[in-house]
Structure formats: structure tokens, C-alpha cells
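Colleague: Going by my numbering, the sequence shown opens with residue 1, and the numbers climb by one from there.
One or more of the hints may lead you astray.
Below, in silico cross-link-like pairs of lysine-lysine (DSSO-like), each with a Cα-Cα straight-line distance of 27 Å or less [what the hints assert, rightly or not]:
1) K80 to K64
2) K80 to K65
3) K138 to K107
4) K109 to K138
5) K60 to K109
6) K60 to K80
7) K68 to K109
8) K68 to K107
9) K64 to K107
10) K107 to K65
11) K107 to K60
12) K80 to K68
I should point out that these hints are in silico values taken from the structure, not numbers from a laboratory.
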Amino acid sequence: MIFQIIQVVAFFIPGEVMQIAGGYIYGTLLGSVYSLIGITLGSVFVFLLAHIYGRPLVHKIISKKDLKFFDRVLNIGSIKLIVFLLYLIPGIPKDALGYICGISDIKFKDFFILSTLGRIPGVLASAYFGANIHTGNKSILIIVGVVSSLVFIIGVLNGEKIIKK
Numbered sequence: 001m002i003f004q005i006i007q008v009v010a011f012f013i014p015g016e017v018m019q020i021a022g023g024y025i026y027g028t029l030l031g032s033v034y035s036l037i038g039i040t041l042g043s044v045f046v047f048l049l050a051h052i053y054g055r056p057l058v059h060k061i062i063s064k065k066d067l068k069f070f071d072r073v074l075n076i077g078s079i080k081l082i083v084f085l086l087y088l089i090p091g092i093p094k095d096a097l098g099y100i101c102g103i104s105d106i107k108f109k110d111f112f113i114l115s116t117l118g119r120i121p122g123v124l125a126s127a128y129f130g131a132n133i134h135t136g137n138k139s140i141l142i143i144v145g146v147v148s149s150l151v152f153i154i155g156v157l158n159g160e161k162i163i164k165k
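Could you build all of it, start to finish, from the sequences and the hints given here?
Modeller: The structure is reproduced here in C-alpha cells:
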């Protein structure tokens with residue numbers, strides 16, 4: 001859980017690595033719960049950090065490319081729906097999004113709920129994958145890996161189009 005918090009704050013380690021490890025060590029359910037708690041605590045921390053210290057901090061941490069992307073996307077429609085979809089769609093830099101939301105118009109309570117709910121499917125899939133590594137059931141690993149990869153690719157290539165709809 002501590003590593004998952006650090007991963008969100010520093011975001012140089014892909015979160016899925018921690019979630020897969022959580023599933024491997026604790027199983028799907030507990031691995032998901034521990035990962036989600038860590039992700040949520042890390043997200044709360046970065047949201048509040050950005051909210052307190054504002055744009056100067058966020059501009060030092062987040063790339064100009066990501067800042068432009070999120071500024072554009074968060075102004076498409078309902079910020080609540082957009083934030084939820086951004087956390088739900090694979091391939092979106094979610095940890096950077098926590099910093100961006102901290103300087104946006106979204107309320108903390110809404111951010112907390114939507115970012116947590118949006119991450120649940122991805123966390124469950126990663127923990128399930130990790131939990132099945134040691135079973136030796138290669139077909140499950142291949143299926144989960146292929147489906148996750150396809151969803152990730154679709155998210156990367158079409159994330160903005162999906163949000164606009």
C-alpha cells in the first residue's frame with residue numbers, strides 16, 4: 001500500500017506494476033483493496049498538494065503536453081463525467097490527472113469519489129492478472145493480458161474521442 005501511494009505521488013513507476021504485485025502477493029480481492037487504498041491516498045495527497053500550492057507547482061511537475069491535453073479535455077463538458085471517464089479509460093496518465101484536478105474547478109469530494117470509482121476496473125484486472133501468475137494457468141494470463149492490452153490501446157488511441165461523445 002505504501003509503494004502504491006509513492007507510485008501515485010512520484011508517478012515514475014507504472015501503477016499496474018504495483019497492482020499486479022499486489023494481486024500476486026495478496027490475491028485478487030485483497031490485492032485490489034490494498035492497491036485501491038494506496039492509490040486513493042496518493043491521489044488525495046496530490047490533489048491537496050496541487051490545490052494548496054497551485055499552478056506553479058503543477059507546471060513544474062506535469063509536462064506541457066499533458067497540461068495542454070488535460071486543459072482541453074476538462075473543458076469539453078461536465079467536469080465530473082470527464083474526470084470519471086479519464087480515470088476509467090486505460091492509457092490516460094491518471095497520476096498526472098490528480099495534480100491537474102487539484103487546480104481545476106472540481107470539488108474535492110467529487111474528485112475523491114470519481115477517481116476512486118473510475119480506477120476500480122483497472123485495479124481489479126491488474127490484481128487478477130497478478131493473482132493468476134503463480135497458478136500456472138497460462139490461458140487466463142494470456143486472455144487477461146490480451147484484453148487489457150487491447151483496452152489500453154483503444155484508450156490511448158481513442159480516449160479523447162470517447163470523452164467527447
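Colleague: Tell me the hint numbers this structure goes against, listed in increasing order.
Modeller: 3 and 4
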